[in-house]
Amino acid sequence: AERQRQRHRAQLTGMIVPFAVAVSCYAPDVATMHVPHSSTVTRMGSSFPQPAVMHANDRGSGLWPALLGAASALTVSVSPLPALAANPELQLSDFESPALVSEGLQQAGMDGDLRMIKLWARLKAGALETEGKQAADKVSDDKTLASARMRVRSVQPYLDEAQRDIFLGKWKFVQGYLGVIFSQRDAFQTIITDTYPGSDPVSLASKDALVVEGNNVIANAEVLAKAAKARSEPQAIQAYAKLALSYDRFLKAGDLYGNSLLLPSRARPKLQKVKPPPSPDVVATQRAAASATADLDAAEEAADVAAAAAKAEAASLKKAAALEVATAKAADKAEAASEEADAVAERAAAEKSDAEKRAAAQAAAERAEKVELEAEA
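Residue numbers (mature numbering (1 follows the signal peptide of the UniProt record, and there is no 0)): -22 to -1, 1 to 355.
The hints are all genuine.
With beta-carbon atoms standing in for the labels, derived distance ranges: (1) A281 <-> F145: 54 to 60 Å; (2) P212 <-> D178: 40 to 46 Å; (3) L182 <-> P212: 36 to 42 Å; (4) V180 <-> A208: 41 to 47 Å; (5) A346 <-> A308: 52 to 58 Å.
Mimicking DMTMM-like on lysine to aspartate or glutamate, the simulated pairs with C-alpha atoms at most 25 Å apart in a straight line are: (6) K220 <-> D138; (7) K230 <-> E139; (8) K230 <-> D138; (9) K220 <-> D233; (10) K335 <-> E324; (11) K204 <-> D164; (12) K207 <-> D143; (13) K330 <-> D320; (14) K289 <-> D275; (15) K297 <-> D282.
Bear in mind the hints are in silico, worked out from the structure with no lab data behind them.
Even for Gly, the Cβ is constructed at its ideal location relative to N, Cα and C.
Model the full structure from these sequences, guided by the hints.
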């Protein structure tokens, strides 16, 4: 709003001063009027010298040149002057960013929130510390371009903060960060018009790329602002990804990566030429290769011998294990046979005892029968 008021005051000044000059020249009671050559009228950042009116000793002397100069000045003051580039192809598109700027800053409490104020102060202090000395020794146009480059590069921390808040689901400050990005639109435009002033094909292609990516930055920022207002996390993440990609492409197209790019050519650090390594000795290399091959062959042979020994030892262990198993089986069979023989002997002894008992009983019966016969006789 303050910039708009200043612009309106400048426009009114540019319209009123030429009329005042014309009326003063035409007035019959004014014989002489002096206008200093150093005084200027400023409008939209440009200076226009006021026409110096010559001495007029009578009413009609020099009237037509004065009126013609006043009419020319009036035409210049009324005609709209482009604030940036005259080529419409290099102009960024008109978006809804002014409304989103005011709405985003108001919603996030930009004027009174300590978090935003501290972040802005820290960014400004860091930018002045790193870029102030570089821009001090340049002419006015270079200072403007350096300032624009600094402002565009300072957008990165706001993008990082916006990304963090989006993934945390904190929507209060997202539109405020985007409002700061929208406010740098004139810096984006300055970089487009001043970075590549030439008319060669490379410069023209670079300007076209800057225009496309600059428009994409603003458009994607507006989509992200609307998604943040609706608190839609999927849309916000998708819009942020496109915004970050467009911003990165704009930085690359504008050659904005690195502080050394902002330095004049005489102050840029010189690249040290790296000396190529000396060519190796072919014979020594061949000898080293032959030695390495021999060592490898010896290692392989030793590995083969160790593998054969291990295989033989494994076979011996297997044979011993088989013999031990066979011995154990034979011992088990012998023990079983011994047990069976013992059982047979026990059965034979039992049968012998029974036979002896039967024989003794039969003998006793026979003797008893004999005695009985003798008694009868």
